[in-house]
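S.K.: From first to last, the protein sequence lines are chains P and B. Under this note's numbering, residues 6 to 330 are what the first sequence spells out, in order. Under this note's numbering, residues 4 to 473 are what the second sequence spells out, in order.
Hints in this document: simulated from the structure, not taken from any laboratory. Warning: the hint list may mix true and false statements.
[To be verified] Computed spacing ranges between beta-carbons, pair by pair:
no., chain 1, residue 1, chain 2, residue 2, range
1, B, Ala153, P, Leu121, 43 to 49 Å
2, B, Arg66, P, His148, 28 to 34 Å
3, P, Lys230, B, Ser33, 40 to 46 Å
Beta carbons are placed, not taken as given, at the ideal position from N, Cα and C, and that holds for glycine.
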Amino acid sequence: MLSRTADHLFWMARYMERAENTARMLDVNMSTSLLPQSAESAERGWRAMLGISELTPAFDARYPLLSARDVLDFMVRDPTNPSSIYACMHAARENARAVRGSLTTEVWETHNDTWLNLQQLINDGLLESDPQRLFEWVKYRTHVSRGVTIGTMLKDEAFFFIRLGTFLERADNTARILDVKFHDTGGASELLPAGRGNGVGHQQRDFYYWAAVLRSVSAFEVYRKVYRDVITPERVAELLILRGDMPRSLAACINEVCDNLEKVRNSRSGETERRAGLLRAELRYGRIEDILHQGLHGYLTGFLERVNDIGGRISQDFLVPLAAS
Amino acid sequence: MTAAFDEMRASDGAVRPHYRDYDAWLSAQSPKAMGDKRAEADLVFRRVGITFAVYGEAAGTERLIPFDVIPRIIPADEWRQLEAGLRQRVRALNMFLNDVYHGQEILRAGKVPAELIFRNSQYRPEMQGIDVAGGIYAHIAGIDIVRAGAGEYFVLEDNLRVPSGVSYMLENRKMMMRLFPDLFARNRVAPVAHYPDVLLENLRSVAPQGVTDPVVVVLTPGMYNSAYFEHAFLAQQMGVELVEGQDLFVQDNAVFMRTTRGPQRVDVIYRRVDDDFLDPLVFRADSTLGVPGLLAAYRAGRVTLANAIGTGIADDKSVYPYVPDMIRFYLAENPLLANVPTYKCRNRDELEATLARLPELVVKEVHNAGGYGMLVGPASTTAQIEGYRARILKDPANFVAQPTLALSTCPTYVDAGIAPRHVDLRPYVLSGAEISIVPGGLTRVALREGSLVVNSSQGGGTKDTWVLER
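The shape of chain P in the complex, shown without the other chains (with noise of 0.2 Å):
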């Protein structure tokens, strides 16, 4: 297929699944906001959201003091916020258009329709009025557009290439969740051991929190089920790491990301296929207590990384056009 079309595919799928987990962060942060807490504390939970999306100088250029209405405002329908959930929704949109060919029918409607009914709903002020239900709305939505995807389109390298585009941009988007901890307490506290305690007792914060951390990627039953177990960080982050079942662990994603990768393989891809094995192979063999010893963020960043590189090898591989050789 066209280099620029499987560029727009990918990219495509990239944006919605970002609209997603955004969407996902701000819902579980609206519920953790509501427990008794400090108003420090409760600020510190929205400036964690601008952390874990690289969006804190952007916000802090604009807002002189940080309120919950305008972290909403800036995340969700800010146009000149490209991480914005609006913004990526429209991206989605627009790349959607450029191959609207390459889809099936269903899924181009789909794209189309999500993007017509966004600005419906931001017009009509849902955001203010129940900020929840908006973000219901967008998990809804890029359920519909996965489904649309799976359930209409051949499986061919245009499939292949959004696959790739959702689960690269999801295993950031986990890694980053993960992270949140160390964002929330500005690198002052790593998992081990647990933070300070802070008007509720410390140990049942952590509790929430970790709670919170599992229902934002909806792993808070599934680790009941696992687990048959208290919640405990250390769980918690070897069922969003290491556990390949679990559809948003980072071992799930890149376990998606090599299938996929294998399937749209050319004569320059090797590489990259090297790299993202490496990662899947250290997931699949690795312990939570090597990763906790070394340190959860560090381990994080590390992994952060990786993912970038696997996209810009991704890019470099079959995105930006082949010359002749």
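Since chain P is already given, all that's left is putting chain B on it; use the hints.
M.R.: The following block gives chain B in isolation, referenced to the frame of chain P:
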């Protein structure tokens, strides 16, 4: 002007036979039900993204072309005459193009003035002597037909460069079948949905010699072009790649596209990019829409361009008046479809006749299209007419004039209910190994009361066009 031919009703108000079934059905529908259907059509067009970009507005502005749910119906016998006339005309136009770029017999015979060709910016000297596959230049032609007076059909203009609108013919039908399935059960409407297959077959039939399994692509200027939806639609319906200039490159006079698995050879390019932008090495050097070296590959016969370069010389408004002569010259037949009588302002006496009757005429610039830059005398103020007169006098050869035709009308939904509005018709003629015409076309309708300008860029809408099978 008041006595325009109405497609549905005779002058005594009686419904014409081919509309009787539809009229009976329509009068049984409640205004509310029809209103709902119209709203549904709007919603679906927007969701499907059947939009066009408007030049002069912010990039990315997308608009819907208004769609009217009352079909324009053509009886079977009228269509047969139209079809024969279209075949004849397009055959002659292709022969003319082949002649102009080879032996120029028609010029030597004095049937078409030589300076009209050679001093015309639409004439492409680069094409002189090049043999194109099958001798076909205008593979896809959109011929604009109007009906005037007592109901005769006239050709208003030929579109032989990159005629657009066929996607609306297809989407309008799809919409009508979705909104009113019962109508299609009771009327025998000739189907049009096979157009993309016929188009693909046609394009494959004009591949360069020796290519047995040609790779066809559609070349678009990109997603901000006004007709982008159509480019994407046709590529998808034909199952071929939609490419932009940057996706193609030329090496050793062969054209390749850049794919995720390396270069892939391209044999036939259905290009929706104007001549001027096709190859920056030959035409506009600042074009980023084209492919450097494309013309060299084309001249070497290694790739087919549809339509060919230089077809504008046959659809130029200054050449239009000579098409009936072309038919007589090349085919030794009488034209089956009439031209609209046209004053060529390049001729002194015709210029004078034009200037004397400006308030009643339609005057057009010979190279312009899309309804831009024209004067509709009866709809213009004295100041506008005088301003236009000055423009004509400055460069008479740049203008032609025609009587203001009372274009036929068709009942159309407007704010106040159903009222007659002027329509035209653009059928699409495909030329390759043979000539094919899908029974139908794009009916455009001028939505403003009294307006004769049907172009979508000027506030026109569209209708589904039904050709009855009997």
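S.K.: Against this structure, judge whether each hint is valid.
M.R.: Hints, one by one, checked against the model:
1. Ala153/B / Leu121/P: 43 to 49 Å: The hint (43 to 49 Å, Cβ to Cβ) holds, given that Ala153/B and Leu121/P are roughly 47 Å apart.
2. Arg66/B / His148/P: 28 to 34 Å: 31 Å, holds
3. Lys230/P / Ser33/B: 40 to 46 Å: 56 Å, violated
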